[in-house]
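First to last, the sequence lines map onto chains A and B. Residue numbers for the first sequence follow my numbering, beginning at 246 and rising by one. Residue numbers for the second sequence follow my numbering, beginning at 144 and rising by one.
Treat the hints as calculated values from the structure; they're not laboratory data. This structure is a prediction, so every number in the text was calculated from the model and none was measured. Treat each hint with caution, since some may be false.
What the hints assert, rightly or not - Residues of chain A placed beyond 10 Å of chain B at every Cβ, according to the derived structure:
| hint | residue |
| --- | --- |
| 1 | A270 |
| 2 | S402 |
| 3 | A447 |
| 4 | F487 |
Claimed, not checked - Subject to a maximum C-alpha distance of 30 Å in a straight line, what follows is the list of computed DSS-like cross-link-like pairs (lysine-lysine):
| hint | chain 1 | residue 1 | chain 2 | residue 2 |
| --- | --- | --- | --- | --- |
| 5 | A | K484 | A | K326 |
| 6 | B | K406 | A | K409 |
| 7 | B | K150 | B | K189 |
| 8 | B | K145 | A | K393 |
| 9 | A | K418 | B | K406 |
Said to hold, decoys possible - If you want the ones that stay clear, here's a sample from chain B, every Cβ over 10 Å from chain A, calculated:
| hint | residue |
| --- | --- |
| 10 | M144 |
| 11 | R156 |
| 12 | Q401 |
Every residue gets a Cβ at the ideal spot worked out from N, C-alpha and C, and that includes glycine.
Here is how the chains run, residue by residue.
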Amino acid sequence: MTTQGESFPLTRYSVLAAAGSSDNAERSRALDILFAAYWKPIYKYLRLKYSQAPQDAQDLTQGFFAELLERKLLSRFDPAKSRLRTYLRLCADSFALNEIKAASRKKRGGEFAHVPLDFSAAEDELRAQTIDPAAIPSPESLEDFFEKEWIRSLFSSAVEELRKLCEARGKQKAFALFESYDLDGEENISYAELATRHSMSATDVNNQMAWARREFRRIATERLRALSGSEEEFARESKSLFGEAPK
Amino acid sequence: MKFLSDKALERLRGSSVPDLAGTRYELRELIARGGMGIVYAAEDEKLSRRVALKVLDSASAAPELAQRLIREARILAQLEHPGIVPVHDVGTLADGRVFYTMKFVEGLRLDQYIKQLDSLPQRLRLFLRVCDAVAFAHARGVLHRDLKPANIMVGSFGEVLVMDWGLAKVLQETSAASETVLVSPQKENPDKDETQSTVVTGHGTVMGTPGYMSPEQARGETERIDARSDVFSLGALLKFVSINSSSEKSASASRPLQAICAKAMADRPEDRYANVSELAADVSRFLDGLPVSAYSESAFERAGRFYKRHQVAILLITAYLVMRFLVLYFFHR
Chain A
246 MTTQGESFPL TRYSVLAAAG SSDNAERSRA LDILFAAYWK PIYKYLRLKY
296 SQAPQDAQDL TQGFFAELLE RKLLSRFDPA KSRLRTYLRL CADSFALNEI
346 KAASRKKRGG EFAHVPLDFS AAEDELRAQT IDPAAIPSPE SLEDFFEKEW
396 IRSLFSSAVE ELRKLCEARG KQKAFALFES YDLDGEENIS YAELATRHSM
446 SATDVNNQMA WARREFRRIA TERLRALSGS EEEFARESKS LFGEAPK
Chain B
144 MKFLSDKALE RLRGSSVPDL AGTRYELREL IARGGMGIVY AAEDEKLSRR
194 VALKVLDSAS AAPELAQRLI REARILAQLE HPGIVPVHDV GTLADGRVFY
244 TMKFVEGLRL DQYIKQLDSL PQRLRLFLRV CDAVAFAHAR GVLHRDLKPA
294 NIMVGSFGEV LVMDWGLAKV LQETSAASET VLVSPQKENP DKDETQSTVV
344 TGHGTVMGTP GYMSPEQARG ETERIDARSD VFSLGALLKF VSINSSSEKS
394 ASASRPLQAI CAKAMADRPE DRYANVSELA ADVSRFLDGL PVSAYSESAF
444 ERAGRFYKRH QVAILLITAY LVMRFLVLYF FHR
């Protein structure tokens with residue numbers, strides 16, 4: 246697999262634009278990024294919405310991405326009509342309905358086959374979330390669920406890239422602080438307590454945390470830009486996600 | 144790849160450090176993160192003192208949350224009492240986030256501080272100071288609605304402060320009766336952000352903390368919430384401070400104290416103490432070795448309590464009588 250952290254294209258091009266490129270390498274890289282960002286939300290969404298067994302949901306997910314390429318569905322996306330995320334969810338819905346109706350699914354691979362889809366990890370996450378499908382019966386709830394899973398996927402990959410960045414720059418302590426405070430979320434722990442735990446001053450904790458958060462925000466914003474269907478969509482998404490317009 | 148919990152997602156979405164440029168404050172460090180906002184330590188550059196600055200998580204927070212933060216500051220400003228943290232300032236940051244500053248309290252939360260207090264009387268006296276502050280707020284027509292150990296601070300000089308009035312409700316007393324009715328400045332507005340203490344019910348969304356929240360509050364029956372809801376929370380708080388005390392008067396051994404807790408935490412508001420003062424009076428009576436209204440004691444228990452209360456006098460009189468008897472006995476032999 247080409248992980249997002251290693252190959253994330255720091256260009257002004259969006260993934261969508263790169264996916265339509267005539268350059269095979271660029272197109273492949275863009276699709277990797279797109280699939281890596283979306284496969285897990287799509288899998289969880291299909292699994293819950295259509296009450297599919299894990300194996301069936303896996304087949305549906307792989308089949309959907311194969312169909313996305315075969316039928317060049319990305320080229321039909323119109324940023325003026327919807328967000329890329331909504332478009333992909335609707336495409337997945339349409340695909341799943343047809344497949345379930347035809348009941349003739351078969352395992353399909355395709356151009357994205359080299360992106361490993363760790364379905365067992367996705368299943369573990371679903372179990373950790375203790376989601377009862379019966380508790381989210383309305384389409385609106387499932388849309389919210391898909392949105393949240395997409396954010397989780399985006400942030401998880403950004404955190405992974407931040408971790409690599411910290412390692413590369415020898416800032417493991419900054420990541421450890423960020424991880425224990427923002428990710429693991431120890432309730433009511435203060436910077437002073439963190440400072441004692443990590444043998445540093447509270448000011449240093451403050452500075453390291455500020456750096457890590459700034460870098461996380463930068464990475465996540467870059468990814469968001471690349472995964473948005475248009476600049477307008479990116480601006481809206483950024484405002485919705487972080488409460489502020491992109492800088 | 145690390146799995147991120149829902150809470151982690153929320154934190155990452157709102158993790159931008161507030162920009163205090165243009166204000167008189169300089170950011171120092173994060174102190175605590177609550178349901179509605181984040182509290183930072185900040186330096187007031189004009190007065191050269193440390194303050195606590197409470198600010199909304201993000202600029203995109205619902206307008207109702209901003210309103211509520213302002214309202215919390217205004218409520219605090221009206222509650223000038225040694226047991227209630229004083230507010231200094233309120234304003235809006237450049238990014239649109241509402242903030243207010245208050246006294247920076249150096250100390251421990253009650254749940255941390257209580258571990259240092261083994262003596263039950265000490266713990267109960269501390270509890271009475273919380274009651275004082277809450278009774279004062281009630282007298283000013285304000286309900287706290289989220290009383291719990293984490294919202295009580297004990298300062299380094301032993302001062303007790305009731306914090307986090309974010310869920311406070313303004314009350315208005317009815318004419319003759321001591322009952323209170325709610326006067327909402329705005330329609331009860333559920334806030335999804337109150338993740339730590341939100342319970343959704345069939346009647347609506349209510350805020351509070353399970354275990355410390357009265358049944359009517361948990362059921363979302365906002366029209367039934369009055370001072371007795373805080374009495375319930377204080378009952379739970381009393382139970383909390385009473386347990387695990389190594390004192391000879393430990394709560395488990397004290398039926399009157401258990402009865403006080405039970406009465407304060409009765410399911411039906413009408414079965415509870417009518418107000419905080421009544422609850423505090425019962426706890427004071429217990430501390431003084433007097434009978435409490437919540438418990439009907441037997442003659443034996445009454446005698447035992449009488450003995451404990453007047454132990455020295457009884458022993459002196461007994462010793463005197465024994466001596467007198469012995470003197471008379473031997474004198475007349």
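Status of the hints after comparison with the structure:
For A270 of chain A, the non-interface assignment is confirmed: its Cβ lies about 24 Å from the closest Cβ of chain B, beyond the 10 Å cut-off. For S402 of chain A, the shortest C-beta to C-beta distance to chain B comes to about 7 Å, within the 10 Å cut-off, and the non-interface label is violated. Against chain B, the non-interface label of A447 of chain A is violated: not every CB pair exceeds 10 Å, the least being about 5 Å. For F487 of chain A, the requirement that its beta carbon stay farther than 10 Å from each beta carbon of chain B is not met, with the minimum near 6 Å.
Using a Cα cut-off of 30 Å, the hinted pair K484 of chain A and K326 of chain A holds, with the two alpha carbons roughly 19 Å apart. Proposed proximity of K406 of chain B and K409 of chain A is contradicted: the alpha carbons are some 58 Å apart, above 30 Å. With a C-alpha separation of about 36 Å, the suggested pair K150 of chain B and K189 of chain B falls outside the 30 Å cut-off, and the hint is violated. Between K145 of chain B and K393 of chain A, the direct Cα distance comes to roughly 16 Å. Compliance with the 30 Å bound is thereby established for this hinted pair.
A C-alpha spacing of about 51 Å is found between K418 of chain A and K406 of chain B, which places the hinted pair above 30 Å, so the restraint is violated. The beta carbon of M144 of chain B sits about 5 Å from the closest Cβ of chain A, which is not more than 10 Å, so the claim that it is off the interface is violated. Remark: the non-interface label on R156 of chain B conflicts with the geometry, its nearest Cβ contact in chain A lying 6 Å away (cut-off 10 Å). Even its closest Cβ contact with chain A, about 30 Å, leaves Q401 of chain B beyond 10 Å, as expected for a residue assigned away from the interface.
Consistency with the previously given hints fails for numbers 2, 3, 4, 6, 7, 9, 10 and 11, ordered from lowest to highest.
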